[in-house]
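Construct all of the structure, not just a fragment, from the sequences and the given hints.
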Amino acid sequence: MELTLNINGRDHRLSLDPRTTLLDALRDHLGLTGSKKGCDQGQCGACTVHVDGRRILACLTLAAAVQGRPVATVEGLAHGDKLHPMQAAFVEHDAFQCGYCTPGQLMSAVACVHEGHAHDRAAIREHMSGNLCRCGAYPKIVDAIEDAAPKMERG
Amino acid sequence: MADDAGRLYGKPEVRIDGAAKVTGQARYASDEPVANPAYAYLVTSAISRGHITGMDLAAAEAVPGLLDILTHETVGKEAKPPVGPDQKPTTTTLETTQVWHDGQIIAVVVADSFEAAREAAHRVVVHYAPETPSATFDSPGAEAEVRKTDEQHKDPAKGDAPAAFAAAPVKIDARYETPTQHHNPLELFTTTCVWDGPKLTIYEPTQTMYGLKAAVAKQLGMEPADVRTISRYVGGAFGSKGAATSRTVWIAIAARRLKRAVKLVPTRDQAFTIATYRAETRHHLQLAANRDGKLQALIHEGWEVTSRPSSYNVSGTETTARMYACPNIATKVNVVHADRNTPGFMRAPPDTPYMFALESGMDELAHELGMDPIELRRINDTQTDPVDGKPFSSRSLMKCFDAAAAKFGWAKRDPKPGAMRDGDWLVGYGCATSCYPSNIGPAAARLSLTPRGKAVIQLAGHEIGTGAYTTVAITVAGGLGLKVTDIQVFMGDSNLPPVPVAGGSNNAASTAHVAAKACEEIRQKLALAAVQNNAGIFAGADPSKLRLTDGALAGPDGRREPLETAVGRVAGGALEVHVENVPEGLPPDAAAGLYQGKMAMSRGTGRKDVTAYAFGAQFVEVRIHALTREIRTPRIVSAFASGTIVNPLTAYSQYMGGAIWGVSSALHEATEIDLREARYVNDNLADYLVPVNADIDHLDVIFVPEEDSRVNPLGIKGIGEIGIVGMNAAVANAVFHATGKRIRKLPIRIEHLL
Ligand code: FES
Ligand code: FES
Numbered sequence: 000m001e002l003t004l005n006i007n008g009r010d011h012r013l014s015l016d017p018r019t020t021l022l023d024a025l026r027d028h029l030g031l032t033g034s035k036k037g038c039d040q041g042q043c044g045a046c047t048v049h050v051d052g053r054r055i056l057a058c059l060t061l062a063a064a065v066q067g068r069p070v071a072t073v074e075g076l077a078h079g080d081k082l083h084p085m086q087a088a089f090v091e092h093d094a095f096q097c098g099y100c101t102p103g104q105l106m107s108a109v110a111c112v113h114e115g116h117a118h119d120r121a122a123i124r125e126h127m128s129g130n131l132c133r134c135g136a137y138p139k140i141v142d143a144i145e146d147a148a149p150k151m152e153r154g
Numbered sequence: 000m001a002d003d004a005g006r007l008y009g010k011p012e013v014r015i016d017g018a019a020k021v022t023g024q025a026r027y028a029s030d031e032p033v034a035n036p037a038y039a040y041l042v043t044s045a046i047s048r049g050h051i052t053g054m055d056l057a058a059a060e061a062v063p064g065l066l067d068i069l070t071h072e073t074v075g076k077e078a079k080p081p082v083g084p085d086q087k088p089t090t091t092t093l094e095t096t097q098v099w100h101d102g103q104i105i106a107v108v109v110a111d112s113f114e115a116a117r118e119a120a121h122r123v124v125v126h127y128a129p130e131t132p133s134a135t136f137d138s139p140g141a142e143a144e145v146r147k148t149d150e151q152h153k154d155p156a157k158g159d160a161p162a163a164f165a166a167a168p169v170k171i172d173a174r175y176e177t178p179t180q181h182h183n184p185l186e187l188f189t190t191t192c193v194w195d196g197p198k199l200t201i202y203e204p205t206q207t208m209y210g211l212k213a214a215v216a217k218q219l220g221m222e223p224a225d226v227r228t229i230s231r232y233v234g235g236a237f238g239s240k241g242a243a244t245s246r247t248v249w250i251a252i253a254a255r256r257l258k259r260a261v262k263l264v265p266t267r268d269q270a271f272t273i274a275t276y277r278a279e280t281r282h283h284l285q286l287a288a289n290r291d292g293k294l295q296a297l298i299h300e301g302w303e304v305t306s307r308p309s310s311y312n313v314s315g316t317e318t319t320a321r322m323y324a325c326p327n328i329a330t331k332v333n334v335v336h337a338d339r340n341t342p343g344f345m346r347a348p349p350d351t352p353y354m355f356a357l358e359s360g361m362d363e364l365a366h367e368l369g370m371d372p373i374e375l376r377r378i379n380d381t382q383t384d385p386v387d388g389k390p391f392s393s394r395s396l397m398k399c400f401d402a403a404a405a406k407f408g409w410a411k412r413d414p415k416p417g418a419m420r421d422g423d424w425l426v427g428y429g430c431a432t433s434c435y436p437s438n439i440g441p442a443a444a445r446l447s448l449t450p451r452g453k454a455v456i457q458l459a460g461h462e463i464g465t466g467a468y469t470t471v472a473i474t475v476a477g478g479l480g481l482k483v484t485d486i487q488v489f490m491g492d493s494n495l496p497p498v499p500v501a502g503g504s505n506n507a508a509s510t511a512h513v514a515a516k517a518c519e520e521i522r523q524k525l526a527l528a529a530v531q532n533n534a535g536i537f538a539g540a541d542p543s544k545l546r547l548t549d550g551a552l553a554g555p556d557g558r559r560e561p562l563e564t565a566v567g568r569v570a571g572g573a574l575e576v577h578v579e580n581v582p583e584g585l586p587p588d589a590a591a592g593l594y595q596g597k598m599a600m601s602r603g604t605g606r607k608d609v610t611a612y613a614f615g616a617q618f619v620e621v622r623i624h625a626l627t628r629e630i631r632t633p634r635i636v637s638a639f640a641s642g643t644i645v646n647p648l649t650a651y652s653q654y655m656g657g658a659i660w661g662v663s664s665a666l667h668e669a670t671e672i673d674l675r676e677a678r679y680v681n682d683n684l685a686d687y688l689v690p691v692n693a694d695i696d697h698l699d700v701i702f703v704p705e706e707d708s709r710v711n712p713l714g715i716k717g718i719g720e721i722g723i724v725g726m727n728a729a730v731a732n733a734v735f736h737a738t739g740k741r742i743r744k745l746p747i748r749i750e751h752l753l
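Protein chains in written order, with numbering that gives the first Met the number 0: chain A, 0 to 154; chain B, 0 to 753.
Some hints could be false.
DEER-style ranges, computed between Cβ atoms [unchecked claim]: (1) B:A58 with A:Q40: 17 to 27 Å; (2) B:F136 with A:G8: 52 to 62 Å; (3) B:E222 with A:H116: 52 to 62 Å; (4) B:K258 with A:P17: 20 to 30 Å; (5) A:Q40 with B:H50: 23 to 33 Å; (6) A:Q66 with B:A58: 46 to 56 Å.
The set of hints was computed from the structure by calculation and includes no laboratory data. By construction, the Cβ of each residue, glycine as well, lies at the ideal position given by its N, Cα and C atoms.
Written out as structure tokens, the structure reads:
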């Protein structure tokens, strides 16, 4: 089927099998491989992106279902060479090892702040628990979010 | 001057690939762009033992977009059988009609789209002649054999352990079990193959660039020079990507048949059966001591499950026999063949399960003796390998215990089990010894330096999350007197000079030493040219006294020649060296073997001069709810002494990740097996439990300073594996302290504490 996806503020016209997930559309059809496939069944969070500003799992979302709705991926976080405060905090705190969960963690972390869930460590831990990190970077992910949250609010 | 390579060691450096990882630009194997790929989907066996009698492909072939179906009939003879992680025979896939285990690859469906390939794969109808499978220990038909000794595996022994055990006044005699576990790196086991005439390029996440290349070349009967592997970033490995697996050759053959790139992204449940895992183990441990706590006998027998054709085993008695001073030691290992896929390396493969037994046993012995468990370790601490009498290159075990105990507040522990309580929560403190042998292998690298003070180092290294790009850059910056940001590092491509498999915690040491040697070679060339140049400021000086520092060649008197001049004298564009480093104790041909994917390794336990291990101490507080028996771990403190720490920032992450794996291996992780069908039941990330963010609260890692000039010239012991070791026992010991219940079988779950 023919469809138009709005990714990081740009429209993309695509011809896709109707069964194509948003994750596969991004990765295999648009070359946006930042979003990762860790399970393809909604269990790991590696594919987390924003649709209408809210975090969703791209592997459980059909591409056709998000036509006409703004989709934001990890590729859209930075402004040119300037990292988003959350990205900078992840680097600074070493909030990852292999980096495979990181795009999903970042999209969840930004959403976690926007949702107002970043006010203390326990809340952050709870609201970041949909994103597995097999490398076990959790305490540093919490550090990074605590650090970035006020910077995001200052804009 | 080689010491200069270590100039920047010990200072935290953010990862040079950090920006790539947080922007989505880091390319993992399945992210690599290839032109017009076809998509592969695996068909895996629905039985665990027997034969395929036929396949009905008509429905699959009718799916629009279908391109090809590879089966034993169409391609089975095009590849030689694979080898297992031990380089010996293992289970096969499409070569014959034989089914060795559940989930074995039996066909590969290729189509224009992922969706079509998946649909067609589900339409393949397979007819089987099934036989009754054996699932694990005690299953009818499982075959046990005593593991024979060879170069890889010995059975450490000394004295008369049974007699000493019988005679000693205090003893424990206990059996322990650890479960099947799967690595579950977050990245799936992907493979993309592209042919260019006779040349094959494989994009696949791997811990062994040259090992994978050699294995595929051998299976396909190709020249290794015609096979290139690319794996610039690996999305978690933990051993699962440490050896070639069966899938790769079939994707290569599929791409060759279609004359088109073929991309495979297998499913999560397939990850449980197309790669390796940590096999379940059993242990019989007997410890005996005098009343003062001095060990008199240690007898450790292990059992490990493997597949039918493979005898892969981990034999952690090599480690448990060496932990404590003990005059009488006996060890033995058995393997049990079942209808399962072949196991393989998983984080600290021998030490994680075997140290669970020993460190639980030490806690039990301390309890029998009425002694503090730390004191029992202190009384039996030794600077000499108890098995063969060699000195440890360094051993800071008790320093680790003391540092961790102080931070943890061990002094507040009431030794009586069940005595500590906080409201509805039973509180338990537990500790255990951690260790991992220090290994180093040969390695090669190409290093170039420009007159503008920029360096490029190239080596077929592996970034599996350890921060390898950054540790290499830190070494080169130190060696050449530059800033870390002046260094570019290329890895993850078998067209670059080889380094060993990124496993067994050897890579930091192996790559640092070759990088340091390359820097020294550049320094020597520049120094020699400088002293021979009559017009230069260093004319006639002693070249060995010239150093590279702060972007210049500097003399002992403080005179400096900018790199522009020093490098410009010998090269217009860049001065380049290609070096190979063979660590002491390895044969000179070890470097040549490296290019063929053969991995010679100087191991911590096989050396002539010393026994080399890193040591640590694991402490954990558990809280068990008095009514529901919910188990929490609010505090973790780990202390490690691993010689030189190259980058404390990434080292902390590795230790921390290891400690979390340790807690996970005690409380969360187990692959459940359907005993009748010999099938993994919880083969997904929701049912195979791993910790989430909310499971991990306070965690402290302590770096205990340690200088070790004997382990290797730069004093680097590996750190990737040690973090997990002993933590499972520390948790079980804490559970005992909280409840008085000794749990000898992992993982510990609510139902075991009712
Ligand atoms: S890939 Fe979407 S949740 Fe795992
Ligand atoms: S950094 Fe490897 S999975 Fe999170």
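A quick look at each hint next to the structure:
1. Distance hint for A58 of chain B and Q40 of chain A: a CB-CB separation of about 24 Å, consistent with the stated range 17 to 27 Å.
2. Distance hint check for F136 of chain B and G8 of chain A: the Cβ-Cβ separation is about 58 Å, which falls inside the suggested range of 52 to 62 Å.
3. The supplied range of 52 to 62 Å is met by E222 of chain B and H116 of chain A, whose beta-carbon atoms lie about 57 Å from each other.
4. Take K258 of chain B and P17 of chain A: their Cβ atoms lie about 29 Å apart, and the range 20 to 30 Å holds.
5. Take Q40 of chain A and H50 of chain B: their Cβ atoms lie about 31 Å apart, and the range 23 to 33 Å holds.
6. Roughly 32 Å separates the CB atoms of Q66 of chain A and A58 of chain B, a value that falls outside the hinted 46 to 56 Å.
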